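Position chains B and C with the ligands against the provided structure of chain A, taking the given hints into account.
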Amino acid sequence: QAQSSAKPVDLSGYERVKQELVAPPYAPKHDQVAQGGPKIVEIEMDTTERLMVVDEDTGASIWALTYNGSVPGPLIIVHEGDYVELTMRNPHDSQMEHNIDFHASTGALGGGGLTHIYPGEKVVLRWKATKAGCFTYHCAPGGAMIPYHVCHGMNGAIMVLPRDGLKDKDGNPLKYDKIAYMGEQDYYLPIDEDGNFKQYAIAGEDYPDSIAAMATLTPTHQVFNGAVGALTGPGALKFNVGETVLMVHNSCNVDSRPHLIGGHGDYVWETSFDVAPLTSMETWFVRGGSAAAAMYTFEQPGVYAYVNHNLIIAAIKGATAHFVVEGEWNNALMEQVTAPESFEA
Amino acid sequence: QAQSSAKPVDLSGYERVKQELVAPPYAPKHDQVAQGGPKIVEIEMDTTERLMVVDEDTGASIWALTYNGSVPGPLIIVHEGDYVELTMRNPHDSQMEHNIDFHASTGALGGGGLTHIYPGEKVVLRWKATKAGCFTYHCAPGGAMIPYHVCHGMNGAIMVLPRDGLKDKDGNPLKYDKIAYMGEQDYYLPIDEDGNFKQYAIAGEDYPDSIAAMATLTPTHQVFNGAVGALTGPGALKFNVGETVLMVHNSCNVDSRPHLIGGHGDYVWETSFDVAPLTSMETWFVRGGSAAAAMYTFEQPGVYAYVNHNLIIAAIKGATAHFVVEGEWNNALMEQVTAPESFEA
Amino acid sequence: QAQSSAKPVDLSGYERVKQELVAPPYAPKHDQVAQGGPKIVEIEMDTTERLMVVDEDTGASIWALTYNGSVPGPLIIVHEGDYVELTMRNPHDSQMEHNIDFHASTGALGGGGLTHIYPGEKVVLRWKATKAGCFTYHCAPGGAMIPYHVCHGMNGAIMVLPRDGLKDKDGNPLKYDKIAYMGEQDYYLPIDEDGNFKQYAIAGEDYPDSIAAMATLTPTHQVFNGAVGALTGPGALKFNVGETVLMVHNSCNVDSRPHLIGGHGDYVWETSFDVAPLTSMETWFVRGGSAAAAMYTFEQPGVYAYVNHNLIIAAIKGATAHFVVEGEWNNALMEQVTAPESFEA
Ligand SMILES: [Cu+2]
Ligand SMILES: [Cu+2]
Ligand SMILES: [Cu+2]
Ligand SMILES: [Cu+2]
Ligand SMILES: [Cu+2]
Ligand SMILES: [Cu+2]
Ligand SMILES: [Mg+2]
Ligand SMILES: [Mg+2]
Ligand SMILES: [Mg+2]
Ligand SMILES: [Mg+2]
Ligand SMILES: [Mg+2]
Ligand SMILES: [Mg+2]
Ligand SMILES: [Mg+2]
Ligand SMILES: [Mg+2]
Ligand SMILES: [Mg+2]
Chain A
94 QAQSSAKPVD LSGYERVKQE LVAPPYAPKH DQVAQGGPKI VEIEMDTTER LMVVDEDTGA
154 SIWALTYNGS VPGPLIIVHE GDYVELTMRN PHDSQMEHNI DFHASTGALG GGGLTHIYPG
214 EKVVLRWKAT KAGCFTYHCA PGGAMIPYHV CHGMNGAIMV LPRDGLKDKD GNPLKYDKIA
274 YMGEQDYYLP IDEDGNFKQY AIAGEDYPDS IAAMATLTPT HQVFNGAVGA LTGPGALKFN
334 VGETVLMVHN SCNVDSRPHL IGGHGDYVWE TSFDVAPLTS METWFVRGGS AAAAMYTFEQ
394 PGVYAYVNHN LIIAAIKGAT AHFVVEGEWN NALMEQVTAP ESFEA
Chain B
94 QAQSSAKPVD LSGYERVKQE LVAPPYAPKH DQVAQGGPKI VEIEMDTTER LMVVDEDTGA
154 SIWALTYNGS VPGPLIIVHE GDYVELTMRN PHDSQMEHNI DFHASTGALG GGGLTHIYPG
214 EKVVLRWKAT KAGCFTYHCA PGGAMIPYHV CHGMNGAIMV LPRDGLKDKD GNPLKYDKIA
274 YMGEQDYYLP IDEDGNFKQY AIAGEDYPDS IAAMATLTPT HQVFNGAVGA LTGPGALKFN
334 VGETVLMVHN SCNVDSRPHL IGGHGDYVWE TSFDVAPLTS METWFVRGGS AAAAMYTFEQ
394 PGVYAYVNHN LIIAAIKGAT AHFVVEGEWN NALMEQVTAP ESFEA
Chain C
94 QAQSSAKPVD LSGYERVKQE LVAPPYAPKH DQVAQGGPKI VEIEMDTTER LMVVDEDTGA
154 SIWALTYNGS VPGPLIIVHE GDYVELTMRN PHDSQMEHNI DFHASTGALG GGGLTHIYPG
214 EKVVLRWKAT KAGCFTYHCA PGGAMIPYHV CHGMNGAIMV LPRDGLKDKD GNPLKYDKIA
274 YMGEQDYYLP IDEDGNFKQY AIAGEDYPDS IAAMATLTPT HQVFNGAVGA LTGPGALKFN
334 VGETVLMVHN SCNVDSRPHL IGGHGDYVWE TSFDVAPLTS METWFVRGGS AAAAMYTFEQ
394 PGVYAYVNHN LIIAAIKGAT AHFVVEGEWN NALMEQVTAP ESFEA
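Protein chains in written order, with my numbering: chain A, 94 to 438; chain B, 94 to 438; chain C, 94 to 438.
Pulled out of the complex, with its shape left as it was, chain A reads as follows:
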């Protein structure tokens, strides 16, 4: 690669802005329609390794490899034509080398070839967002370390909005009130001879066991936002009837088939924002190694479950989130005409 001898780029005229990244399931502050011309959007991420509980019931845990401490990594939002300028630090107390591959970018293995950092190192990468859509990003140190890091949580999403915002198939603008950012994570936790999940003292110690577990292609856990129940109970998301949610779903490794129980995908972008959204969907598809977006306007109050509709994965492996919606019930859409009652045999 000829980066060293390449012509310098002229960035005069590009305004610089900082984007404060926030923890999932939330989105950073952003405009849906771009204000002014393309910008250089500065972000910062640390490649943090931390012991995380995956399932409180069993105590299953993992030395998660993360961007900024969360699984998934933070959602980044820019507009088509903007530059992303990332400063990435690998903390001094890390055990492992990390890097980052942005599916939204072009060249050098998505930036992976230019961002390998060892513990105590930092790097700065700038790239232009030329394609509009939701895209996954992830660590990719090379060889079997790639799925190892990805299956330890080291992935997230960037949303590159069209400059003039989202549109329906006829070109009418579509706006959302809130974003729900969900990362679906497949974990392959090693099990000992007694059937218990193994525990490890430091990040990376589980490597040979993990490779063997991953080779089964059968996750022990598959969850939203890092752990079983992370987005249920106190972690449930809250909405009101009439509000529109944009569900950004990142699945860096395995296919998913999201379904909103009691709702729909009014508009679904499975592929890119270049392609007109699919509509009126019951269950959409997230190709393993991609991020997708679905928009829904709530019409009824109550609890909605957002699930991977392989219901074994949803209910037994953990891929369930809850949305709690306040508002007035509409009998014109659904009515319990007669409540459950006994009938004669």
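I should point out that these hints are in silico values taken from the structure, not numbers from a laboratory. Mixed in with the good hints there might be a few duds.
In this list, chains with the same sequence are indistinguishable; a pair is considered to hold if it fits within one copy or across any two.
In silico DSS-like links for lysine-lysine, alpha-carbon gap of 30 Å or less [what the hints assert, rightly or not]:
id	residue 1	residue 2
1	331	100
2	331	271
3	268	215
Because the structure is a prediction, the values reported are computed rather than measured.
Relative to the frame of chain A, chains B and C with the ligands by itself:
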């Protein structure tokens, strides 16, 4: 949820009609283009538990959980804007609680929250079909019972037709002569220490074994319409050259990739009827937790196999159906120029 | 089937041309826009059985069942409206019966019903390419022999181009400079009690072991073009910045989710050439039992990895290919602003 205090709905002006549900692979009587205004379509379903043979060769069996006794449950057909009014009964001799979640409906977990019935109970639910497409429905009692009921056969499909019928991408009407309604069912049958399929005395008794088997995510059987060979031999569907079949494929839990061996998907609606059909497809995709439709006009006589084109699943797990087509062979489409014969080495 | 009494077809006016098939990942000589009227395209294939090393590191091997000796079988390219006339020979030293099912054709199980040949036999089949797209072809001798032959490598693809070539969604012509033809192959290699891959003396000897291994639905290997590393190192494909590659991806049995690390799918035809291409894709989808095409114009030099983005499958099962691209780096698309360096704690 505020159903009790919600405003009553005014249904004056809606005509009431009864739809007699029939056993798969057949479709109830219906109009392809709606006659008159929106209707209230009354249907009845019983949540029947029954011991079913899954594979005659091995004697593998399951205490199937069903709607109206069949796997899949019966196909319902209405038009966009119609109401579905379901009276559902749980027989007195049932072992288990059941309910129903319609992916086509809006609110209350697709009706699941309003339809929990114990043995000997009935309930009446009415909901408006606001989205056009094929949609799955299924039992969803909560937690791990959801995949347990679904993977014991308790799912089926509703087709919500556009009021003016199906159209190609240019808006030209598309008509079918017959419907072939197929439910793809993944079963996870427990196996004893000797490698034999376990047998159980009553519905529900296999629960702990089933949960363990489901956690492997590897079905022991994956079949159309309840059992290996249900739609082959005497169960094969019959057509004539020139006839158009609409293949409605329900797969409530696992992804499928249907292919019609020797034919095509001339028009395929993988998502909803809002979206223009895909055309000239070799193999289409049914997202796990959805129903899809594909239309084909037969051009040649002979036996066609409709398969999940993971051919292991088709040939070893059971997902194969046969269509037997009568008519005249067309050499302009295909010709055996020279029959098999020996050649010199 | 009434082939014997069917009317003869009048082929006067059709010019005959021979297409020399070549080994993957290359494509036969062809016009992107058809010259003149529909033709009869004559091709020849031998059903060759050969012992192939699947992974040099472990010595894992398989008695591959092939068309013309390669996994995948050769790429065939014709235009919509052309006839394909195949002369297929089963060598005298073969162990097994073979045939061929073309997903692109109509009738007789895709030709499978008319092409069963035993060792020492040949057959000639002619069929009309009425649908435009990439389509898989494969051996389908019947029953469990179908996945057995397919999972031993006996599959490939035909590309049926529109007569006037590929177009974007607005009808503008799209041209490619080179084709990269990749077949993704799932292998289920039997393992002995010591955990070693079993070896067999002749083709077919592994049949019972293979059926058991396939029933797990978990491949031991999943590779491009027959073997781990077939398209990396000396097998990597070479391109230049500014060149456009058409990636033709055949996956006859399992779903795939291809991603080009560092690049994109500028135009992707997941289904048929009838349907406008998807654009700006990070990761596309190949339904198991289909072939798809994606077009990309290289903008940066360097090494690109083309992977199944279930990264376990890419890195541990083998589904990785490399594209090496020469040219000048463009800092306007991506720049390493600061190389990795230490930072203070
Ligand atoms: Cu990492
Ligand atoms: Cu990637
Ligand atoms: Cu039930
Ligand atoms: Cu559901
Ligand atoms: Cu064969
Ligand atoms: Cu096939
Ligand atoms: Mg738990
Ligand atoms: Mg664009
Ligand atoms: Mg995406
Ligand atoms: Mg059998
Ligand atoms: Mg509609
Ligand atoms: Mg559907
Ligand atoms: Mg190796
Ligand atoms: Mg056509
Ligand atoms: Mg295809």
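Q | Violations among the numbered hints, reported as their numbers in ascending order | A | 3
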